[in-house]
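2 protein chains.
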Amino acid sequence: MSDHLFSKRTRRVPKSFIRDILKVAGKPDVISFAGGLPHPGLFPVREIKDAFMTLMEERGSESMQYGPSEGFSPLREWVCDRYRKRAGLDISPDNVLITTGSQQALDLVGKVFLDEDDFVAMERPGYLGAIQAFSFYSDAIIQVPLKGDGPDMEILEETLREKQPKIFYAIPNFQNPSGQSYNLEKRKHLADLCATYGTIMVEDDPYGELRFAGADLPPVTSFMKSPSILLGTLSKIAAPGLRVGWIVGEEAMLDRLIIAKQAADLHTSTITQQLAWQYLATNNIEDHIETIRLAYGRQRDCMITMIRRYFPPEVSFTQPEGGMFLWVTLPDGWSSAELFELAINEKVAFVPGAPFYVDGGGLNTMRLNFSNADEADIEEGIMRLGRCIEKYVGGGRPTE
Amino acid sequence: MSDHLFSKRTRRVPKSFIRDILKVAGKPDVISFAGGLPHPGLFPVREIKDAFMTLMEERGSESMQYGPSEGFSPLREWVCDRYRKRAGLDISPDNVLITTGSQQALDLVGKVFLDEDDFVAMERPGYLGAIQAFSFYSDAIIQVPLKGDGPDMEILEETLREKQPKIFYAIPNFQNPSGQSYNLEKRKHLADLCATYGTIMVEDDPYGELRFAGADLPPVTSFMKSPSILLGTLSKIAAPGLRVGWIVGEEAMLDRLIIAKQAADLHTSTITQQLAWQYLATNNIEDHIETIRLAYGRQRDCMITMIRRYFPPEVSFTQPEGGMFLWVTLPDGWSSAELFELAINEKVAFVPGAPFYVDGGGLNTMRLNFSNADEADIEEGIMRLGRCIEKYVGGGRPTE
Numbered sequence: 000m001s002d003h004l005f006s007k008r009t010r011r012v013p014k015s016f017i018r019d020i021l022k023v024a025g026k027p028d029v030i031s032f033a034g035g036l037p038h039p040g041l042f043p044v045r046e047i048k049d050a051f052m053t054l055m056e057e058r059g060s061e062s063m064q065y066g067p068s069e070g071f072s073p074l075r076e077w078v079c080d081r082y083r084k085r086a087g088l089d090i091s092p093d094n095v096l097i098t099t100g101s102q103q104a105l106d107l108v109g110k111v112f113l114d115e116d117d118f119v120a121m122e123r124p125g126y127l128g129a130i131q132a133f134s135f136y137s138d139a140i141i142q143v144p145l146k147g148d149g150p151d152m153e154i155l156e157e158t159l160r161e162k163q164p165k166i167f168y169a170i171p172n173f174q175n176p177s178g179q180s181y182n183l184e185k186r187k188h189l190a191d192l193c194a195t196y197g198t199i200m201v202e203d204d205p206y207g208e209l210r211f212a213g214a215d216l217p218p219v220t221s222f223m224k225s226p227s228i229l230l231g232t233l234s235k236i237a238a239p240g241l242r243v244g245w246i247v248g249e250e251a252m253l254d255r256l257i258i259a260k261q262a263a264d265l266h267t268s269t270i271t272q273q274l275a276w277q278y279l280a281t282n283n284i285e286d287h288i289e290t291i292r293l294a295y296g297r298q299r300d301c302m303i304t305m306i307r308r309y310f311p312p313e314v315s316f317t318q319p320e321g322g323m324f325l326w327v328t329l330p331d332g333w334s335s336a337e338l339f340e341l342a343i344n345e346k347v348a349f350v351p352g353a354p355f356y357v358d359g360g361g362l363n364t365m366r367l368n369f370s371n372a373d374e375a376d377i378e379e380g381i382m383r384l385g386r387c388i389e390k391y392v393g394g395g396r397p398t399e
Numbered sequence: 000m001s002d003h004l005f006s007k008r009t010r011r012v013p014k015s016f017i018r019d020i021l022k023v024a025g026k027p028d029v030i031s032f033a034g035g036l037p038h039p040g041l042f043p044v045r046e047i048k049d050a051f052m053t054l055m056e057e058r059g060s061e062s063m064q065y066g067p068s069e070g071f072s073p074l075r076e077w078v079c080d081r082y083r084k085r086a087g088l089d090i091s092p093d094n095v096l097i098t099t100g101s102q103q104a105l106d107l108v109g110k111v112f113l114d115e116d117d118f119v120a121m122e123r124p125g126y127l128g129a130i131q132a133f134s135f136y137s138d139a140i141i142q143v144p145l146k147g148d149g150p151d152m153e154i155l156e157e158t159l160r161e162k163q164p165k166i167f168y169a170i171p172n173f174q175n176p177s178g179q180s181y182n183l184e185k186r187k188h189l190a191d192l193c194a195t196y197g198t199i200m201v202e203d204d205p206y207g208e209l210r211f212a213g214a215d216l217p218p219v220t221s222f223m224k225s226p227s228i229l230l231g232t233l234s235k236i237a238a239p240g241l242r243v244g245w246i247v248g249e250e251a252m253l254d255r256l257i258i259a260k261q262a263a264d265l266h267t268s269t270i271t272q273q274l275a276w277q278y279l280a281t282n283n284i285e286d287h288i289e290t291i292r293l294a295y296g297r298q299r300d301c302m303i304t305m306i307r308r309y310f311p312p313e314v315s316f317t318q319p320e321g322g323m324f325l326w327v328t329l330p331d332g333w334s335s336a337e338l339f340e341l342a343i344n345e346k347v348a349f350v351p352g353a354p355f356y357v358d359g360g361g362l363n364t365m366r367l368n369f370s371n372a373d374e375a376d377i378e379e380g381i382m383r384l385g386r387c388i389e390k391y392v393g394g395g396r397p398t399e
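Protein chains in written order, with numbering that gives the first Met the number 0: chain A, 0 to 399; chain B, 0 to 399.
Chain A with its partners taken away, still in its complex shape:
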């Protein structure tokens, strides 16, 4: 079938490279650090089952009916209670729109704010799901380098001043893919810059509650003096299969986002919204999050210990204080895509870094996920990866 039948935006968006990688990585005998999956052993299966029973008894057919596009009211109430308590944000349920996972939030933000010639600024490396979502709406994504404690603020200011991007998209806590977090000063500075240059801050915080070292920092949103959007999700603290996320923003924005939401899927599943709320209302989510934190902290420690043992010293890596990912930088001139080929033969997988760059960079980088593998697998997998790096170097690859 001829390509001209498709829209221009569709022809612009590349086939997902990651989909192919995940297919290979998903084979049962492969130890995979490739995906971005939470550990399934930590899903609250029994609690969700009990919550569903209660839901059917108490709401029954109501949970199977169409619902409002903005979401199930008690769940919106829960979201804003939580931000009030955790971050002191002064919001009401009218500031909350429930989305089908936070991926949908990215799509709606793109749809409502971006014209094709609008610049979008984001981190370099940047979250692939955001690159994909925004690519459908804008042909002009620019990336601002991360420096270990947040963006390079000089380049960021220059970008905002010169390009006047409509939005700046960022994951300030344990960023995907780099694992980096923004320090307090950069959070405040970023809020100021967005106000100065009229850029909408889109703060994505899927991992903020998964901190296993250091102290919590306030969201950038709490320092904003100009329009901004905050995204959250239950995917990492409860279960991604629910597909329940949210957008927090001022009502003038929400009004438009709700219309886009209605056109996109009418509303998020009534069943999963009410199920999530029932689960949250009858269980102590703090205890559950603590369990996840401890487990992921141990897994990260294990991965770092193994990397130190099996990777050569010229390979550097981040040491995230939370989240699910660790970012590895190979020496200049090495190719993580070539290393991936060796790795898959050794039955271990990761995601080469290139797709996280919109400018063809990052060829020597890779992302390792530590949330979805048990410690025994992490030990074995990193050992295998170390062997692959040895082979790669031994094969006469450039080392400087």
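Some clues are possibly wrong.
To be verified - Computed beta-carbon distance windows for the label pairs:
1) B:1 - A:152: 22 to 30 angstroms
2) B:11 - A:374: 31 to 39 angstroms
3) A:53 - B:26: 39 to 47 angstroms
4) B:48 - A:286: 22 to 30 angstroms
5) A:48 - B:330: 52 to 60 angstroms
Stated by the list, open to error - Simulated pairs of lysine-lysine, BS3-like, Cα-Cα distance not exceeding 25 angstroms:
6) B:187 - B:7
7) A:7 - B:7
8) B:7 - B:26
9) A:187 - A:7
10) B:84 - B:146
11) B:26 - B:390
12) A:346 - A:390
13) A:162 - B:146
14) A:7 - B:48
15) B:187 - B:84
16) A:48 - B:146
17) A:390 - A:26
In case anyone wonders, no lab produced these hints; they're calculated from the structure. This structure is a prediction, so every number in the text was calculated from the model and none was measured. Positions of the beta carbon are idealized from the N, C-alpha and C atoms, including for glycine.
Given the coordinates of chain A, work out where chain B should sit on it, guided by the hints.
Below, chain B alone, put in the same frame as chain A:
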């Protein structure tokens, strides 16, 4: 906040008029024929509860994890088995993409096929959810009048020839809002015309299984010799709260639609997909559909009887053989919006027809939903509406 912050497409799409109507109509003392809701008394609550128990025992954490963008394989298999059996369509699971309700299918079709200057053709009056979804992508929706047994084929051919629309969107069975169905000859003719003029047929069939009179007709898709898309949903035969629908199409289209789906919400809820499949695998859906058919048939009959009794003869209406809606045409010059104001004072609601027209027409039309009201409410509600019409006429409104 200033309007220029929003994308052009957002500024183009009007605030949903229906949302405001449904808010008024949703008050507990109002008898509402306004929404498009299935009857909640017919939701399979016990069966869904049992299916969830089985799901948690057999799949547990798998149902809470991320899943493939194309959907849960056994559910895709079920969809294509059903089309093979019901309509003799020769499709495989590779032709099926699971969507978050069929509203999302409309959004994805718009995203993947429509550029801003592409014409979209659809029925007049047309489904509001499609007008909304496509308006975000195209600035050029054209409507082809319905004539009681399908479109006006002359105007349709002229439209396809002159405007070369990228897609023709239609609901050939018990259309929303008109309740009309296409006859066999028009189905075949439509398939030929799309092939001749290179227009993609988008056949939406949410109500096809809800036939309570007449004989089933094959989908337009079964006659197609050129690229086409068929949309379906569980919303009307199981429960809309699941948000489970699907797109059937050739693989070259599905490839692109899957990328758009991934960017839109990664995938439809694993929980609701697996729950729907578990329910379908362990229950006789035919028996359940038969129960719905009988109930809606009785409700339609009741509404028609009451309309004959309480509406003046100059008011005409459709007599649908299935589905959920009946379409009322008031004499020329009457305003259904003005009648709505009288009706809401009498605690009865409907949807004025204007939003189903993109050209400002339909001011004397209205949609009545008969699926969501019991017979006693239908009797009382239509009686009240009849009173409102009397008042309207008595108030010196034009009657010719």
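The hints, checked one at a time:
1. Between residue 1 (chain B) and residue 152 (chain A) the CB atoms are about 27 angstroms apart, so this pair conforms to the stated range of 22 to 30 angstroms.
2. For residue 11 (chain B) and residue 374 (chain A), the hinted distance range of 31 to 39 angstroms is not satisfied, since their beta carbons lie about 54 angstroms from each other.
3. Roughly 28 angstroms separates the CB atoms of residue 53 (chain A) and residue 26 (chain B), a value that falls outside the hinted 39 to 47 angstroms.
4. Checked against the hint of 22 to 30 angstroms, the C-beta distance between residue 48 (chain B) and residue 286 (chain A) comes to roughly 27 angstroms, which is consistent with it.
5. Between residue 48 (chain A) and residue 330 (chain B) the beta carbons are some 58 angstroms apart, a value that agrees with the proposed interval 52 to 60 angstroms.
6. At roughly 38 angstroms between alpha-carbon atoms, residue 187 (chain B) and residue 7 (chain B) are farther apart than 25 angstroms, so this suggested pair is violated.
7. Between residue 7 (chain A) and residue 7 (chain B) the CA atoms are separated by roughly 17 angstroms; this keeps the pair inside 25 angstroms, and the hint holds.
8. Among the hinted pairs, residue 7 (chain B) with residue 26 (chain B) is inconsistent with the structure: their alpha-carbon atoms are about 35 angstroms apart, more than 25 angstroms.
9. Pair hint residue 187 (chain A) plus residue 7 (chain A) does not hold up; C-alpha atoms about 39 angstroms apart against a cutoff of 25 angstroms.
10. Taking the CA atoms of residue 84 (chain B) and residue 146 (chain B), the gap is about 31 angstroms. The hint is violated against a cut of 25 angstroms.
11. About 23 angstroms separates the Cα atoms of residue 26 (chain B) and residue 390 (chain B), which keeps this hinted pair within 25 angstroms; it holds.
12. Between the alpha carbons of residue 346 (chain A) and residue 390 (chain A) the distance comes to roughly 15 angstroms, so the proposed pair stays at or under 25 angstroms and holds.
13. The hinted pair formed by residue 162 (chain A) and residue 146 (chain B) fails the criterion: a straight-line CA distance of about 53 angstroms is larger than 25 angstroms.
14. Taking the CA atoms of residue 7 (chain A) and residue 48 (chain B), the gap is about 45 angstroms. The hint is violated against a cut of 25 angstroms.
15. Restraint check for residue 187 (chain B) and residue 84 (chain B): the C-alpha separation of about 20 angstroms stays at or below 25 angstroms, so the hint holds.
16. With a CA separation close to 51 angstroms, the supplied pair residue 48 (chain A) and residue 146 (chain B) exceeds the 25 angstroms bound.
17. A distance of roughly 23 angstroms separates the Cα atoms of residue 390 (chain A) and residue 26 (chain A); the hinted pair therefore holds under the 25 angstroms criterion.
Checked against the numbered hints above, the structure violates hints 2, 3, 6, 8, 9, 10, 13, 14, 16; every other hint is satisfied.
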